[in-house]
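Whenever a hint applies, use it, and build me the whole structure from the sequences.
Take a look at the letters that make up each chain.
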Amino acid sequence: MSAVPTSARAPRIIVRHEIILAAILVVALIGLGRLNDRFLTVDNLLNQGRLMTEVGLIALPMTFVIVTGGIDVSVGAMVGLCAIVLGYSWKNLGFPLPLAIVFSLGVGAAAGLANGLLITRVRVPPIITTIATLTLFRGLAEGISQAHSVRGYPEWFYFLGQGAVFGVPTQLLILLVAIVVFGVALDRTSFGRTLYAIGSNETAARFSALPVDRIKLAAYALSGLMSGLSAFVLVSRVTTTRSDMGMGYELDAIAAVVLGGTSIFGGSGTIWGTVIGLVMIQLLKNGLALTGVKGDATIVVIGVVLIASVLIASSLQRRRE
Amino acid sequence: MTAAGDNQAPLLEVRGIEKFFPGVRALSGVSFEARAGEAHALIGENGAGKSTLIKIMSGVYRPDAGSILIDGRETRLATPDDARRAGIATIYQELLLFPELSVAENIFLGHAPKAGFGRIDLRAMRERAEALLASLDIDDLAADATVGALSVGNRQRVEILRALSYDARILIMDEPTAALTEADVTRLFDIVRRLKARGVAIVYISHRLDETFAIADRVTVLRDGAFVGTRLTSETNAGELVQMMVGRRIDNMFPKTDATIGGPVLEARDLVRRPLTKSVSITVRAGEIVGLAGLVGSGRSELAQTLFGVRPAESGEIRLMGEAVTIRSPAEARARGVAYVPEDRGVQGVVRPMSVLHNLSLAALSSLAHAGFIDRAAEWRLAEHAVEQFGVKTRSLDEVAGRLSGGNQQKIVLGKWLANKPKLLILDEPTRGIDVGSKAEIHRLMDELARAGVAILMISSELPEVLGMSDRVLVMREGRLVAEFDRAAANSQSVGAAMMGDAGAAEKAA
Amino acid sequence: MSAIALPRAAAARAPLWRRVSSQETLLAAAIIGLAVVVGLINPRFLAANNLADILLGNAYIAVAAIGMSMVIITGNIDISVGALIGVLATVSGSLAVAGAPIAVTWLAPLVLGVAVMGLQGVVVAYLGIPAIVVTLGMLSILRGGLISVTGGKWITDLPDAFHLYDIEIFGVIPMPVAIMAGATILAAAWMRWWPRGRAIYATGGNAEAARLCGVSPRRTLVLVFLLHGFFAGVAALLFATELRVIQSTTPSGLEFTVITASVVGGVSILGGVGTVVGSTLAAILIAEITSALVFINVSPFWTHAVQGALILATVIADIVRRRRRLAGDVR
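Protein chains in written order, with the working numbering: chain A, 132 to 452; chain B, 9 to 518; chain C, 13 to 343.
Certain hints may be false.
Computed list of lysine-lysine pairs in BS3-like fashion (alpha-carbon distance at most 30 Å, straight line) [as the list claims (entries may be wrong)]:
| hint | chain 1 | residue 1 | chain 2 | residue 2 |
| --- | --- | --- | --- | --- |
| 1 | B | K264 | B | K122 |
| 2 | A | K222 | C | K165 |
| 3 | B | K431 | B | K401 |
| 4 | C | K165 | A | K416 |
| 5 | B | K401 | B | K429 |
Note that these hints are calculated values from the structure, not bench results. It should be emphasised that the depicted structure is a prediction, and the values quoted were computed from it without experimental measurement.
So, in structure tokens, the structure goes:
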């Protein structure tokens, strides 16, 4: 009895989850727009796009990492470290600024690689690895900077964080490109397929001759690299470097990924979902700010959103089984 | 080995047990009894219902109909605690121990002797543990040894002691020898004999007929959830039991034809990989099916994994198609035309949450991808072809693989590897846990592949399969190849004796 | 008799010194060794009030690590404890300033701590949500909530009676040390000799086996979180009464310092192993290192880096040791 090919058959819950999410997003947009005149203006929306890039760049590789069944809570600390390294190597070590930028990206990639090696070679579970490296990286940032901040970057440096191309904020363009690259990679390449296999059944993936360790290493290294890029964007936007930069980014990134439908246990999820999650969180923050809620209180809401979305996802999963 | 206490009520009896799970009738009208002082084997193919019956007797499942009697009195076993209180102790295949705690603590967790204020009396606990060890004449295990550092055999002993610490009168064991070395099996049988002498009833699931005849007084056969019959082991033989288990004559199962045997595909010399591959030399030719028999723990899967690069060899030489190669990873093995269908289908073979389509293409991704991008049309064609060629019963290629039956999942694993057109196919327990119909289909496939020139190394613990399908039979024991038989000389006595280590009897029977 | 003979284990019990965890002896040796080395470099390190400072100022970390160790032994983690301590300290201080009876100001953080942690425990145990996610979310709720309510203002004008530190047991032992030592000893004893305490190790070692032995992993987990909340409350009290003012922000990195103390103290993230005596010793060691850095003229901004290196080294050593034990396993 042969199979009936039905390529039109909608694959599983994930697509449905994203559609629901997108619908909620549209409703939220309309609702917030109704509540506040300033919300649905092009200016505001573009500005939100600018602001969400830093977390967005991190949420993309975080999706890869969580799909493999791992996690990386050291991303915020890596942002801080890369920011400090950028400022320090330029101001104190005298690197020409372009070199300092590349150097800080390299440090980010190296940090991510360190995470990956600890996880794949030494086989330390990802959660404790990244908690340990989080402390180390943040500590290094504090130690290197000695709580001094670096300022006074040249004009061109701010183009990335504060400039615009045809009216679209520069960093948002970069984020959009990254979204397409990461999204296509996860959906259509053997790299992406391997990520899903690792998260669904790592042992079987190994026995299928897939390069499991190499792929995991790549995912964590990417996480570090994108943290470095995020740091670059951040410094460029706020014109200074401080050792506490990036604090809380891990929360936002993980919340975006989980909200977007990626299972915390691995094996499923898409970049498109993460993007929707990211937008929703940014809108939430924006909406709250516009209605007068102070900045710090928004992280309360993000925390609630994170827990709620995992709860909902897991009870849906249980009902399906 | 007489059945004790014929006039007493059996210690444990179940009558007319029915058990349903969504979509499947696991047990229909099964009756079974175990008497004091007897060892009663429970055999049948996978899916016959043995595990379900055991779980009902252990209070893990509740029967949908039927009754359970302890000492002749009807009892309800609603929870594992009830079973334990009724004197039933169960030892599962995955040993449920605490690796970081001591032997004594593992034995007494949950019911340790107490001192004042609800405190655990550590000294009394240790003394009682030592007493238990002595009662079974175990003198090489310390009560405060950490369980995690013990061998599998010793860990199993700790589990048995735990059962005894609850004053179990009925000991149920699920495939107790599956992971044991031969020495441990001997010691286990010794313990079983002691327990029998004490009046304990022992029920154990096994798929190994040789063991059944070695230690059991009676044997009950289940097939497809139904009770087939109970026999005294002294009054039956392997042939009758297989017939009862399988319900048809063995011959139909093994459609082996003679293939042309060509040149050597695999030539391995003196392969060593600690701890279980001591020094193995093996040759498999094109078109040949070599059966690799041995008790579990003899190192067969480890050898396969060495040939496949999961556990690269520490020393020795491998030649494929005459060319010397090193195989350090599965990717290298695959590139050289080696394929391995693993033993543990659910964990190593199939990615259950993924679709049939994605499972089938998993081992061929690098050839399906151009510059990293997967050619979806080619992938679809590959999967369609595989499903048709192997007769995989699925509603669609997008169906989640985990929903398919064991037999169909195994076909997927086979299909996944055959997509690469391997020259050497290593099959590890290819028909374990599969319905009889699919078994025959897989054997037919193997025969076809052999005729097409593939070299096949088949690891199997089912002697009928080994004897029925192999051109040559190799026997492994404790990490080495100890015997070789050609098709004519191989029979269950000769091979069985070689597996057990009795070289003399092996030769005589060949 | 078979050819494979298993080694004859000693019939007598191992001597006392080997039975005490090697990690604890290592830590004790490190504490003493470090004091000696730094004392040689800068004798002022060994001055009585510096040593007292080290113990008194960090007792709260050791107490918090008691609960954290229990959580990690069951195979979970908690990163919200730092924020929780900040919240509880603020609550306690605010009550004191508002004129509540001292007993209430001391009890409130305990009750609140138990409630918050207990809630998280229930979500993890009964809803199956990974602890990292729950505690990450709770961390932000607590942190954000604290800042938006207090605006980061410091609490001053605390009544004198509030301060635990001033109390001394038997006129000699300061309260914080007494609490740290007492809590450690009580918790250690409970986890060694009482069935519910052993259940923590069983749950962490093999939850399925624990269930079949009559231990409920879920209930044990909730109990552990409740206790963790209690100890967090005690730690918050010590934290609040340390100085004459309370900064109502969440102390940065506190949760990681506490986790470091547990892990360096011998608690393995893989679950089932570790002791609270170890985590207390480790907390003292970490405090000692932080102080030592100052006395050998290393900038205090390197403290977290040193902590990070320490926890990394400990975790790697633990994993490598375990792998060596299960040698040869590929899966």
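**Asked** So which of those numbered hints doesn't the model satisfy?
**Response** 1, 2
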